[in-house]
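A.B. asks: Chain residues, written in single-letter form:
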Amino acid sequence: MTKNIMIVCVGGQGTLLASRILGNVLIGEGYDVKVSEVHGMSQRGGSVVTYVRYGEAVASPIIEEGEADMILAFELLEALRALPFLKEGGKMLVNRQKIDPMPVITGAAEYPNGAETELVEKANAQVLDALSLAKTAGNAKAVNVVLIGALAKATDIPYDKWTDAIRSTVPEKFLESNLKAFALGYEGGK
Amino acid sequence: MKKLLLGNAAVARGAYEAGVRVVSSYPGTPSTEITESMVPYSEVNLEWAPNEKVAAEVAIGAAIAGARSMSCMKHVGMNVMADPLFTVRYTGVTGGLVFCVADDPGMHSSQNEQDSRHYAKASKTVMLEPSDSAECKAFTKAAFDLSEEYDTPVLLRLSTRVSHSQSLVEEEPRADIPVRPYEKNIQKHVMMPAAARGRHVVVEEGQAKLAEFAETTSFNRREDNASDIGVITSGAAYQYAKEALGNQVGYFKLGMVYPLPTQALLDFAKDYKTVYVIEELDPFIEEHCRAIGMKVRGKECFSLLGEYTAAQIKKAVLGTEPVKTVKSESTLPPRPPVMCAGCPHRATFYVLKKLGLTVSGDIGCYTLGAVAPLASVDSTICMGASVSAAFGMAKAQGPEFNKKLVSVIGDSTFMHSGITGLIDIVYNKGANTVIILDNSITGMTGHQDNPTTGFTIRREPTRQVDLEALCHAVGVDRVSVCDPFDLKAFEALVKQEVAADEPSVIIAQHPCALLKTVKLSGRCVITDACKNCKACMKLGCPAISVRDGKVEIDASQCNGCGLCVGVCPFNAIKKED
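Going down the list, the sequences are from chains A and B. Heads up: the first sequence begins at 1 in the numbering used here, then just goes up one per residue. Heads up: the second sequence begins at 1001 in the numbering used here, then just goes up one per residue.
Chain B extracted, bound-state conformation (with noise of 0.2 Å):
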């Protein structure tokens, strides 16, 4: 019987049934939900790992160490983990290794629209790209023993439409591969200089073979119909084109991305006129075609941003005008995401943008903290950045500059590299305050644990990192914890620590409104003592509006947080049970 399951749930299966045992990752969307399918398959040893490198890193070892081994992670996820990926390389694996890499053409859930198949070339590595889930499953169970064939780590890359769009796959059997045996082997896996100079020679020898190989691979197929125009293209763009030309030209369906064919796409090319290659983001595919000597139509006709649409590919290709449509005559209002009822982020934002002070951002649902109206946040780069980037920001413009300026940043994310970011105000004499937002989960990609929450993957109590101890012993001596709801104790303890002419960390506590362990109950109501000041109007809730003039609390949206009724100068708005 077939099931319906998600691109990154067929990825989780595929690697259960090719006897994965070690699989350790970082959440990141849309890459998460494939970690996070694996928990029931108890005989994988599972965990979330502070960050992606060290997610690699344990993979790394577990393949040493022969055992089939996986970790997934996001685009950006890659940045973090290409130290180690460029000299695994080097290494090769003993069981199988798989790096599954989610991209987000159309930045639904990203903070930029990188194109992670250059990895693969720079890395010397293999690269499958899957397009349905079915294909998920299989290459992804394809992807280890290629690995331990070729000796080398092997890139899965998956977009968000195929991570996140559900399609039919037929569950096998786990295979019962045992952990190899381990072998002591200094000139294979200690990569000092005398030894990565005889590796990278083998590193080399194994690209022509996979080079070979990608000639006659079954991961790359043709469709041939009887047509002038021929197109080539893999992964999500592949659907798109199926949907838009159908049976009107042949195909050249690349399942393996890197390293690439020669001979099959001239051949391919021989038999069509024209040649259309046709991929989201860069024109990966097409340099290489055009390396190769193929007069190639690519991002002439197709864009270098977003994603693609079947409409868009129809008139690129075959001229056809998109069907007419209905449209409201109105304008209509945009609807950004926004902090949640309830959310404890907000009252940390109200109060930051009362005090008028420069925030360091970072990545998590508080990266929302930019938006009007607490519009608060004033840059965002890349995970723990909020720390680093406000230490520069306070060299750039001096001390006084400084004692305006905090790094927020959240409890999962400061675990991530938000720590070496602190260690490095504390060493070079620093004086800046690093707000650690801590809701007790890692909020934005959907409520996973992390080493502040005190539970591991499968929900096993475990030690609890101590935020506190942890700050002082890196060398902050103020070190403090408050509510954020507090509103007025919070709002004094900002102001003091940024007056101080040390480093100093003030810990946020409250847990996401969204936490199923948090009981929020009662509403909050507007009283007769309003005088539509709208105060409340600041804290940009979801639940409080203005309608005919007069401010309203929805109260199917609220929950109760009673942010509100603290900031109601005229005590108008009282908490209900």
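Okay, chain A solo, but in the shape it has when bound (with noise of 0.2 Å):
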């Protein structure tokens, strides 16, 4: 049975990096696995969505509405926009951000009331400040991180092969914090 996690950001957020140690951690599990990502002009500050897709073999790399067995979001209004990729049952990790599009900052749309709530309510979504806890590791750029700590904690992938990807994708001079960013997120989901 293949599983699917999709990963949602503003582009700009640093989703490839997440996705490609998620994708290493995969493999060394021994799956088949896709990930699919779109470069580009939506990477822009546009809304941005990889996908990863793992089971014994993945045909299409793309994941569609209700099949997301886990949705990692990287801010409020992306999260929101993601649920009807939900699986029933599926789990939802977000980071507690807000980021305005532009047809916010420019007036002509306004940014969702109580989106936390909506989420916790239709989704049982789990919301923490990746932000402040990556900060807290000294990298205030490895929210990604941060979330990809709180996703492993929901895996039952041991917590080595995690901090092993880590080792072999983050470059030797942010390897540190982004060791301790993935604790902090690891300690922090559920």
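Any given hint could be a false lead.
What the hints assert, rightly or not - Here are some of the chain A residues that sit facing chain B, going by a computed Cβ distance under 7 Å: (1) K3; (2) G30; (3) K34; (4) S36; (5) L83; (6) N124.
Stated by the list, open to error - To be clear about the criterion: a stretch of chain A counts as covered by chain B if any three or more of its residues have a C-beta under 8 Å from a C-beta of chain B, and this derived list gives those stretches: (7) 5 to 17; (8) 45 to 53; (9) 57 to 68; (10) 71 to 81; (11) 89 to 103; (12) 154 to 161.
Claimed, not checked - With a straight-line Cα cutoff of 27 Å, these simulated DSSO-like cross-link-like pairs (lysine-lysine) come out: (13) A:K98 <-> B:K1538; (14) A:K3 <-> B:K1253; (15) B:K1519 <-> B:K1488; (16) B:K1574 <-> B:K1534; (17) A:K153 <-> B:K1003; (18) B:K1575 <-> B:K1354; (19) B:K1324 <-> A:K87; (20) A:K161 <-> B:K1002; (21) A:K141 <-> B:K1574; (22) B:K1574 <-> A:K173; (23) A:K161 <-> B:K1488; (24) A:K141 <-> B:K1324; (25) B:K1575 <-> A:K98; (26) A:K141 <-> B:K1516; (27) A:K135 <-> B:K1519; (28) B:K1404 <-> B:K1574; (29) A:K87 <-> A:K135; (30) A:K153 <-> A:K180.
In short, the hints are calculated from the structure, not lab data. Just so it is clear, the structure is predicted and the values come from calculations on it, not from any experiment. Every residue, glycine too, gets a C-beta built ideally from N, C-alpha and C.
Combine the two chains into a complex, taking the hints into account.
C.D. replies: Spelled out as structure tokens, the structure:
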């Protein structure tokens, strides 16, 4: 049975690293893996979605509505947008951060009120402040690795497998802060 | 050990393993990473060319001179290199020649949704289409052999989901394929009418042989299942169909999409009651099936637009309703791409909007100058059209209109095909103003070097094209350089240049904010002097927004470019270190 993990964020928040770590861990576990990303224009501050699928033999690289076993959301509005993709009983991990899209900035639209409450009600989402955890780890850019930590906790893949994948993906000078960020996310995860 | 590789990286690996020696490309999403992934392969002579036509011609020359060669491009890039494509089919190759073309169904990062398969038919070449990274590598390798065996360039068609999906690939060693000796052969290589007539005969003979090959090639395969339904498909659509229909249908999976087999497809159709053709974009395979007398279901069930999903296919073929999903109660504002905080293009468009100019736009990050609130760009067609189309606008509307008209074009795009438009303006006595947005890099595709940056693809220093000298050399006397962040000077300069009765070029020079060499520091903060006039909101900066009626600058997004400091009429924004 193919499992589906979806990562949603605002272009520039660094999901490419998150999906690379995840992909490496899953190959190590012996799965067939497909990771689908979108490059180019949408990376300029637009909605960005990455699909990670694994299992015995994965066909489509895309996750469709109602199929995600897990959604990792880097931002609240993007989490709301991803709701229809969540499978019944699927898990949602959300970073408590709001980034206004341009239509909100220009006043043409409003940022939805009560996003966090709705996510908890509708999807039993686990919301964490990944930005402050990343800052505690000494690297505000490590929001992605904090969230990977929280996700790791929700899987039955051993802790060391994740830290090995981080060691082989993250450049030496950011390694320590990223390992710390991972640990904080892992502790914060359920 | 299998590795997780992007489809594009797998194409690069396949070419490397096939012994490719020369690769020349121009970047374009979703094809860029093919060429970028070859940087570590030191055996390969690798380059970014100024445009796809030049890139293809470099590869063609290398192939005629005996080396295995490749050129990679996005779908619209194939339009640019179509001229040599059609004729190199006549000359044939000596070393294997492969052209990779990446289509963009759904237009994630493109200005149109064209289907490049038509080029294979029109140029009478061969086209392979892989459906995952393992096939990307295998098909690329095989493409070089096929090219040499049939003496033709081979096209490799990718699409966004194949190019930008990672799946498992087994790496193998590089084959040692020596460069073949160069032989002068006027009848084969000089395409003047007398020789070309002879070569056209050879092309048609070759196509007949390739059509035979299509009947039996292992690029195409049947996956039969006990079912009444058969599906003919290829590329990404094959993966969606497999996801949707699993073993409930039989498949004819096409890896070679041109030429298409005839008898093999007719035989497949005999074994299934209902046959569907599932292909994204145009009914390319479907029309072939109908032409050979098959009864198939195709575009009456599936869209001509965008990417397919497994859910759509399930619904169309099996009648399965999509699963019920949870949705937010709120109206969710869209999140379109925007120019980054600190982007120099924002300064340029702020001034152009303020002056109320008509802006003939081009392809690059700065196409986002059409997005609210700046909404400054009036038209965008293709690479280079900002310059030539503005000349046409001036011809249509006259000299007064031209005094309120500018072209905006990036440094790389100007090298690609803007310079020819500028020559037209000079030659035909135009008086247009062209603004070259020189941010020292090819931005949108993710920071590739180009002839104006002074570095090669492998970051070796090289002779840098001097934009000022170049514009002077083609006959533009009024060439000026200005940093658009110097808002007052830039505004005065634009006013002065559009008013001139002769052609002018303004080089708006400021590096991309995302470049690693650019050290932006500090941040902008709003002080008590703020009257909440919202003049800064006109910039469309992602770091500035209104919360509870008050303007705020988000410290985590601001990189201290200081543009807002300059536009505030009350000096209420200060830059802090």
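A.B. asks: Now tell me if each hint is right for this structure.
C.D. replies: How the hints compare with the structure:
no., hint, in the structure
1, K3, "14 Å, violated"
2, G30, "10 Å, violated"
3, K34, "5 Å, holds"
4, S36, "4 Å, holds"
5, L83, "5 Å, holds"
6, N124, "11 Å, violated"
7, 5 to 17, "holds (count 3)"
8, 45 to 53, "holds (count 3)"
9, 57 to 68, "holds (count 9)"
10, 71 to 81, "holds (count 4)"
11, 89 to 103, "holds (count 5)"
12, 154 to 161, "violated (count 0)"
13, A:K98 <-> B:K1538, "21 Å, holds"
14, A:K3 <-> B:K1253, "25 Å, holds"
15, B:K1519 <-> B:K1488, "24 Å, holds"
16, B:K1574 <-> B:K1534, "15 Å, holds"
17, A:K153 <-> B:K1003, "25 Å, holds"
18, B:K1575 <-> B:K1354, "24 Å, holds"
19, B:K1324 <-> A:K87, "9 Å, holds"
20, A:K161 <-> B:K1002, "17 Å, holds"
21, A:K141 <-> B:K1574, "25 Å, holds"
22, B:K1574 <-> A:K173, "33 Å, violated"
23, A:K161 <-> B:K1488, "56 Å, violated"
24, A:K141 <-> B:K1324, "36 Å, violated"
25, B:K1575 <-> A:K98, "24 Å, holds"
26, A:K141 <-> B:K1516, "15 Å, holds"
27, A:K135 <-> B:K1519, "21 Å, holds"
28, B:K1404 <-> B:K1574, "33 Å, violated"
29, A:K87 <-> A:K135, "32 Å, violated"
30, A:K153 <-> A:K180, "15 Å, holds"
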